[in-house]
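Working from the sequences, and respecting the hints, build out all of it.
Protein chains: 2
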Amino acid sequence: MPDFFEDNTADQNAIEQQLDFLREIDQLKSVIRKSPLIDQSRKENSAEHSWHLAMYALILKDRSENPINVDRVIKMLLIHDIVEIDAGDHPIHETTENSLQEEAELNAAERIFGLLPTVQGEELKALWHEFEAAESDDAVFAKSLDRLQPLIHNIATDGGTWVEGNVSHEQVTQRYGSVIVAGSKALWHHVKSLVAQYFQSK
Amino acid sequence: MPDFFEDNTADQNAIEQQLDFLREIDQLKSVIRKSPLIDQSRKENSAEHSWHLAMYALILKDRSENPINVDRVIKMLLIHDIVEIDAGDHPIHETTENSLQEEAELNAAERIFGLLPTVQGEELKALWHEFEAAESDDAVFAKSLDRLQPLIHNIATDGGTWVEGNVSHEQVTQRYGSVIVAGSKALWHHVKSLVAQYFQSK
Ligand SMILES: [Ca+2]
Numbered sequence: 001m002p003d004f005f006e007d008n009t010a011d012q013n014a015i016e017q018q019l020d021f022l023r024e025i026d027q028l029k030s031v032i033r034k035s036p037l038i039d040q041s042r043k044e045n046s047a048e049h050s051w052h053l054a055m056y057a058l059i060l061k062d063r064s065e066n067p068i069n070v071d072r073v074i075k076m077l078l079i080h081d082i083v084e085i086d087a088g089d090h091p092i093h094e095t096t097e098n099s100l101q102e103e104a105e106l107n108a109a110e111r112i113f114g115l116l117p118t119v120q121g122e123e124l125k126a127l128w129h130e131f132e133a134a135e136s137d138d139a140v141f142a143k144s145l146d147r148l149q150p151l152i153h154n155i156a157t158d159g160g161t162w163v164e165g166n167v168s169h170e171q172v173t174q175r176y177g178s179v180i181v182a183g184s185k186a187l188w189h190h191v192k193s194l195v196a197q198y199f200q201s202k
Numbered sequence: 001m002p003d004f005f006e007d008n009t010a011d012q013n014a015i016e017q018q019l020d021f022l023r024e025i026d027q028l029k030s031v032i033r034k035s036p037l038i039d040q041s042r043k044e045n046s047a048e049h050s051w052h053l054a055m056y057a058l059i060l061k062d063r064s065e066n067p068i069n070v071d072r073v074i075k076m077l078l079i080h081d082i083v084e085i086d087a088g089d090h091p092i093h094e095t096t097e098n099s100l101q102e103e104a105e106l107n108a109a110e111r112i113f114g115l116l117p118t119v120q121g122e123e124l125k126a127l128w129h130e131f132e133a134a135e136s137d138d139a140v141f142a143k144s145l146d147r148l149q150p151l152i153h154n155i156a157t158d159g160g161t162w163v164e165g166n167v168s169h170e171q172v173t174q175r176y177g178s179v180i181v182a183g184s185k186a187l188w189h190h191v192k193s194l195v196a197q198y199f200q201s202k
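From first to last, the protein sequence lines stand for chains A and B. Numbering of the first sequence is given in the UniProt record's numbering, commencing with residue 1 and proceeding in unit increments. Numbering of the second sequence is given in the UniProt record's numbering, commencing with residue 1 and proceeding in unit increments.
Everything labelled a hint here was simulated from the structure, so no lab data went into it. Keep in mind that a hint or two might mislead.
It does not matter which identical chain is meant; a pair holds if it fits inside one copy or across any two.
[To be verified] Pairs of lysine to aspartate or glutamate residues, derived as EDC-like cross-links and limited to a Cα-Cα distance of at most 20 angstroms, are as follows:
#1 Lys-192 <-> Glu-132
#2 Lys-61 <-> Glu-122
#3 Lys-125 <-> Asp-137
#4 Lys-61 <-> Asp-20
#5 Lys-125 <-> Asp-62
#6 Lys-125 <-> Glu-170
#7 Lys-202 <-> Glu-164
#8 Lys-61 <-> Glu-135
#9 Lys-61 <-> Asp-71
#10 Lys-125 <-> Asp-71
#11 Lys-61 <-> Glu-123
#12 Lys-125 <-> Asp-20
#13 Lys-192 <-> Glu-16
#14 Lys-61 <-> Glu-16
Spelled out as structure tokens, the structure:
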């Protein structure tokens, strides 16, 4: 009997840690990105962006250059921006001190994933590090989708953040193309002509 | 050579259908739910809600009453509200004509998943139907999380939609408890005491 009650209490404590984490990450809905929604009614937040990217993975899974585990890619994309709750969103056209940003994100990962029961927190932190390192096939594909989605939004909104940032065709090819093509030659082949059409229309 | 070009064109057409779908579902970010964010700054939208539920599944997967495939549960939750783009969100405390609502959702599923290449669209439509039917273990757990998350938000915001709707302790037990307990006795055991505490404090 005492064992039963002890286990039960441990279990209830673990559930409370898990719910704490799930309450904490609600704040990702208030981290505002530079990218517009396609209807241009407002800027996108990082929580709905993460949902959209998970959908990109689900829909485009067969376009990956290398064999991937789509379930891992989806999980990676669901958690990839959670550190922004503490460290903020840093768009690719911004020039921040990289080492400071990196340190802020590392601390954020420790704190936020640290809310979870230890083993679970460590697993998710490892998955986030894998995404950041961008070396595994799963991470390379996840990164390419993270670059593809804002490109699609910029084209759909007559330039979006490219207009504000005065970004050139060449810069789009460098900053987006290089990452997208690593994950999927087929997707880059497709969208590079959409990019070319956009810049020709300017 | 002609075969190569034909296949390539078919591929590019399929990518364009997939991107069309991914652009279309951007509208889920503008479907506003009744539930508040935990910081009460605004109401939640259905896209960020879907992200949050996918995170609930990832974090709480071991709490399911029956063995589940968490990867299927995550996919189900990612797509479960997409029909709301056409059919709107209908909270559980609302009394709408059920058959009209059901028809609107069926039409929405046909139209929106119909944007995808046929096989892929049919697969996702089947997954959405499975969620709606709430019979498989995966769907029962997904449904229980869809009920758990707004309950957590209501408790964290001093009643949330329960205050507006004048919802009683008994009604919470009926409308939320019955669905949550089917997916996870452990989770309902935990949150029913949070619910009791909330209603005692009124
Ligand atoms: Ca719903």
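Do the hints match the structure? See the list:
Proximity of Lys-192 and Glu-132 under a CA criterion of 20 angstroms is satisfied in neither setting, with 25 angstroms inside one chain copy and 39 angstroms between copies. In this homomeric assembly, Lys-61 and Glu-122 come within 20 angstroms of each other (Cα to Cα) only across copies, at 16 angstroms, whereas the closest approach inside a single copy is 26 angstroms. Taking the shortest Cα distances, Lys-125 and Asp-137 sit within 20 angstroms of each other inside one copy (18 angstroms), while across copies they are farther apart (29 angstroms). In the homo-oligomer, the alpha carbons of Lys-61 and Asp-20 lie at most 20 angstroms apart only across protomers (16 angstroms), although the nearest pairing inside one protomer, at 32 angstroms, exceeds that limit.
With identical chains, the CA atoms of Lys-125 and Asp-62 are at most 20 angstroms apart between copies only, with a shortest distance of 19 angstroms across copies and 27 angstroms within one. For a Cα distance limit of 20 angstroms, the shortest separation of Lys-125 from Glu-170 qualifies neither inside one copy, at 35 angstroms, nor across copies, at 40 angstroms. With identical chains, the CA atoms of Lys-202 and Glu-164 are at most 20 angstroms apart within one copy only, with a shortest distance of 14 angstroms there and 50 angstroms across copies. Within a single copy, Lys-61 and Glu-135 get their C-alpha atoms as close as 18 angstroms, which meets the 20 angstroms cut-off; across copies the closest is 28 angstroms, which misses it.
For the identical chains of this complex, Lys-61 and Asp-71 are neighbours both inside a copy (10 angstroms) and across copies (14 angstroms), given an alpha-carbon limit of 20 angstroms. In the homo-oligomer, the alpha carbons of Lys-125 and Asp-71 lie at most 20 angstroms apart both inside one protomer (17 angstroms) and across protomers (19 angstroms), since each shortest distance falls under that limit. Taking the closest pair of Cα atoms, Lys-61 and Glu-123 come within 20 angstroms of each other only across two copies (14 angstroms); inside a single copy the shortest separation is 23 angstroms, beyond that limit. When the C-alpha separation of Lys-125 and Asp-20 is checked against a cutoff of 20 angstroms, the pair qualifies only within one copy, where the shortest distance is 17 angstroms, while the shortest distance between copies is 33 angstroms.
Within a single copy, Lys-192 and Glu-16 get their C-alpha atoms only as close as 47 angstroms, which misses the 20 angstroms cut-off; across copies the closest is 13 angstroms, which meets it. Taking the closest pair of Cα atoms, Lys-61 and Glu-16 come within 20 angstroms of each other only across two copies (14 angstroms); inside a single copy the shortest separation is 35 angstroms, beyond that limit.
When each numbered hint is compared with the structure, violations occur for hints 1, 6.
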